[in-house]
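Q: Could you put together the complete structure from these sequences and hints?
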Amino acid sequence: MAGASGGRAWRWLAWAWLLAVLALGLQQVMFWRAPAIDTDIMALLPGATEDARLAAANLRLSEAVTGDVVVLLSARDWPTTRDAAHAFARTIGSGKGLRPAGDNNADSMSTAIAAFAPHRQGLLTPTQREWLRSATPDAIADMAMARLYSPVSGGIGRWQDDPLGLWPAWWQARAGQGMQVRDELVSVRGDDGRDWALLRFKSAQPAFRLDGDAPLQTVLDAAAGDARKAAGGDLEMLRGGVPLHAEAAASRAAFEVNTIGLGSLLAVLLLVWLAFRSLRPIVLVGVSLLVGLAAAIAVTSWILGQVHLITLVFGATLAGVAEDYGIHYFACRQGRPEVPPRPMMRSLLPALALALLTSVLAYLALGIAPFPGLRQMAVFATTALTATFITAVLWFPWLDTGTPRHSRFAARIAGSLAHWPRLRPNLGSGVLALAAVLFIGGGLQRLQASDDLRGLQTSPTALLQDEIAIGKLLGLPSPAQYFLVEGVDAQAVLRNEERLADALRRQVAAGHLQGWRAVSDTLPSLQRQQADRDLVIPAEALARTRVAAMLGEPAPATTTSAHASLQVEDGLRQPLAAPLRPLWLGAVDGRHASLVMLQGLTPAHLTAVATAANGIEGVRWIDRTATFSSLLHRYRLQMGWLLLAGYVAVGLALLARFRRNAWRAWVPTVLAALLSLAALGWLGVPLQLFGVLAQLLLLGLGVDYGIFLLEHEGDGASWLAVCLGAASTLLAFGLLSLSATPALHGFGLTLLVGISLVWLLSPCFRPHARQNASAAALAKASTSETS
Amino acid sequence: MNRLRTWLVLIVMLLAMAFPAHAADGDGVRSRLAKPAVLRGQFEQQKQLQGFRNPLKSSGDFLLLRDRGIAWNTRKPFASSTRLTRKRLLATMPDGSTQVLIDAGASPGMAAVNALLMALVAGDLDALATRFTLKETLRADGGWSLALQPRDAALKQAFTRIVLDGDRYVRGVEIIEPAGDRTRIVFSDLRETPPATRQEAAQLD
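For the record, the sequence lines run as chains W and Z. Quick note on numbering that gives the first Met the number 0: the first sequence kicks off at 0 and runs consecutively. Quick note on numbering that gives the first Met the number 0: the second sequence kicks off at 0 and runs consecutively.
I should point out that these hints are in silico values taken from the structure, not numbers from a laboratory. Hints are supplied without guarantee of correctness; some may be wrong.
Simulated crosslink set (DMTMM-like; lysine to aspartate or glutamate; CA at most 20 Å straight-line) [as the list claims (entries may be wrong)]:
#, chain 1, residue 1, chain 2, residue 2
1, Z, K56, W, E552
2, Z, K75, W, E552
3, Z, K86, Z, E199
4, Z, K86, Z, D66
A: As structure tokens, this is what we get:
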């Protein structure tokens with residue numbers, strides 16, 4: 000486009016761009032009607048390096064397990080707790096957004112027992128199996144007699160069908176977890192003996208709303224108020240569940256998108272107004288930014304299917320970066336009003352294009368790491384910058400038909416360049432340089448690295464604490480570590496699970512673990528069922544005949560028919576197996592797989608449990624936290640090298656264009672990078688992957704200022720553009736540093752410090768007083784320098 | 000093994016022994032019952048099972064210490080004993096081997112069962128009323144009977160109905176199970192003395 004000799008090609012392109020923008024507008028109307036916006040933090044984490052079954056396992060974990068909203072209530076005693084829980088459920092029932100997740104499994108108990116009864120003899124608990132293996136015939140007969148003489152058999156069905164009472168004990172082991180149905184509520188008792196009422200609800204709303212409302216929280220708060228009234232004021236409450244996290248993240252992100260986006264947009268427009276005192280630049284810069292953001296959303300959702308919340312928050316800072324092109328143009332128009340719009344734009348093109356290129360390269364480099372979130376940000380930012388650039392280049396000369404106005408604000412900033420201290424070989428500069436070297440040296444020595452995943456955590460602390468307490472009360476397994484069990488078919492998976500369970504039993508005995516959840520505990524392999532039947536059938540026959548002989552009665556005949564094996568697929572269809580279904584992955588990519596989840600695993604015993612399964616066929620230990628950390632580590636190093644390569648590449652590009660003066664654009668950014676890293680060291684803030692990525696952006700954005708200043712040496716108009724650009728960028732990243740997401744906060748802070756330094760340092764490195772005519776004209780005489 | 004059976008048995012025994020103090024639906028029964036710290040006695044049990052011609056008879060003795068637990072000793076036709084304490088439920092089999100049936104320290108579930116049993120020993124009818132509906136019949140001579148029907152599905156699997164009768168003490172228990180089996184326990188020689196010996200108390204630590 001730059002090569003268009005006449006106005007015709009330029010105008011054609013401008014019209015074509017208008018068509019594209021109109022289409023974009025249409026797309027945006029469609030998009031915001033039902034925004035495909037992702038709030039799950041796990042969606043930002045990498046999955047590309049995993050095999051199909053591991054990916055399926057992780058997907059299952061993030062989508063299933065706790066899709067419900069869980070509320071636990073506890074007052075001073077059970078009747079009060081019960082009344083409070085009923086009041087809570089009534090309020091929820093009368094409102095919108097949540098409905099009860101009706102799972103009163105008590106009524107389905109007899110149905111479940113009937114469904115499993117034909118398979119009874121193949122279903123044993125580990126204790127029963129062990130006892131039957133070692134029990135003498137006398138012990139078996141005694142057990143049967145004791146059961147016969149106890150006041151109640153406690154059995155299910157007749158004595159002769161289960162003379163050893165194996166069946167009720169198996170069910171007792173299923174029930175576990177200390178949960179019971181009480182007054183039509185599920186109640187749980189904590190370690191401290193406190194009774195809690197458990198309520199479950201399903202969310203009927205999409206999590207993301209641009210207005211930042213939190214409807215679930217509102218409904219829950221109202222219900223909590225009523226429950227507290229019912230309990231007489233003294234009530235403890237825990238809330239958890241993915242929908243609440245999603246809503247909290249969404250409402251916070253909506254708030255951040257609005258403050259950062261609107262804040263930096265308003266700041267840009269205010270700066271434009273102060274500098275140019277005319278409506279046209281405001282409208283044009285505003286339009287170019289809107290086109291850029293709309294294009295970014297459109298392209299991101301088109302390429303990647305949806306846009307993540309954090310991408311939107313990050314993208315909101317782009318208003319403070321993308322405005323550079325428009326502002327640069329208007330600043331130069333104001334500085335040289337005699338040059339008509341189109342030739343002016345043509346003369347600015349090389350600098351603008353180079354600035355776009357360095358920024359785009361920096362943003363694209365974010366996408367090298369296989370983090371879907373970073374790739375999104377890369378696509379988003381690249382598109383936003385490019386679209387804004389195209390809008391400015393094609394439309395501004397076309398629509399800018401007025402004569403630029405002067406403003407005192409602009410003149411004062413432009414004039415300040417001439418007074419800016421310049422680095423020269425004297426004592427003052429030497430002292431400053433020495434101080435900088437000491438600061439950098441000391442800071443870098445103190446700088447520590449960290450690869451903690453928590454940088455991406457967005458949930459409020461209170462919600463996380465509730466979640467931990469709920470997990471402890473309900474004995475929920477941790478989704479961060481688990482075993483992935485594989486096999487050629489379903490039976491092989493179950494057999495491998497059973498071998499793993501034997502190893503885990505030893506870990507529980509050693510106190511390393513509280514327990515685990517596996518499909519095979521309830522639905523064993525056919526091989527194990529057969530082995531168990533081989534233990535049960537002779538033992539029960541012996542019990543019947545021995546007891547009959549002792550009582551002098553004929554041996555009572557069993558009333559049940561032959562026992563059949565239970566297929567895992569049939570078992571999983573039973574309502575009882577509902578909690579097991581998320582664990583069963585079935586056939587994935589030609590092999591079968593399942594998850595074995597762990598309960599009560601503490602960091603101290605992580606290694607022991609992780610190695611417990613060593614050597615068991617088809618079993619893999621998966622530690623997602625460690626995997627993510629090592630990934631963050633690997634990419635922190637890789638991005639570090641890329642950053643160094645980036646400095647070399649940018650240096651070479653500058654050398655090609657500016658020759659001997661290239662270092663003047665390069666050194667300020669290098670210094671800013673070193674100083675901001677040293678600042679982290681002095682402040683004791685560890686360097687994370689996100690910190691390195693922020694450095695990449697600093698390189699991409701910071702070098703622009705040097706380029707503009709060198710391209711138009713001593714030109715006050717360029718300095719004005721740099722100042723306006725830097726001020727709005729600073730504001731945008733300053734606002735980002737207020738983000739509640741630690742990674743974004745760190746990002747914002749690094750860039751806030753880095754960009755400030757580049758802005759202040761760049762003019763110090765400008766060439767020695769060799770001012771050209773236009774600079775002299777703008778910066779009126781007085782070149783009294785203080786250095 | 001076979002924990003469910005044993006703790007259900009215990010619930011029934013305790014129902015009979017430690018009979019409850021703060022009844023909501025059993026206020027009449029509560030006012031007539033004594034609440035001794037120590038109770039000793041004999042029991043005789045007769046059980047009619049489906050598929051058996053003759054009833055099964057057994058007998059033995061028991062000791063209840065309201066704050067510590069209960070020891071239930073079957074003497075005939077063979078010796079076995081079951082003990083409930085604050086921490087666990089233990090059974091001694093005819094061959095002398097001991098089995099921990101419930102260990103409150105093992106899991107929240109086991110702790111809940113053990114706590115329910117202990118609540119019964121302490122005479123906490125509130126805990127009982129959460130799992131059974133209670134219906135009392137009072138007689139003019141000071142006698143009474145109380146019918147219990149389980150509320151939740153787990154208990155319904157084990158009992159159809161339990162009927163207690165007595166005066167100052169519980170004198171008899173009848174248990175009807177879903178399979179049609181009936182058990183009748185009659186208590187005799189109930190007394191609040193002598194106090195527990197050190198050895199007896201130590202059994203219930």
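Q: Hint by hint, note whether the structure agrees.
A: Verification of the supplied hints:
1. Z:K56 to W:E552: holds, 14 Å
2. Z:K75 to W:E552: Answer holds: K75 of chain Z to E552 of chain W is near 19 Å, not above 20 Å.
3. Z:K86 to Z:E199: holds, 16 Å
4. Z:K86 to Z:D66: holds, 12 Å
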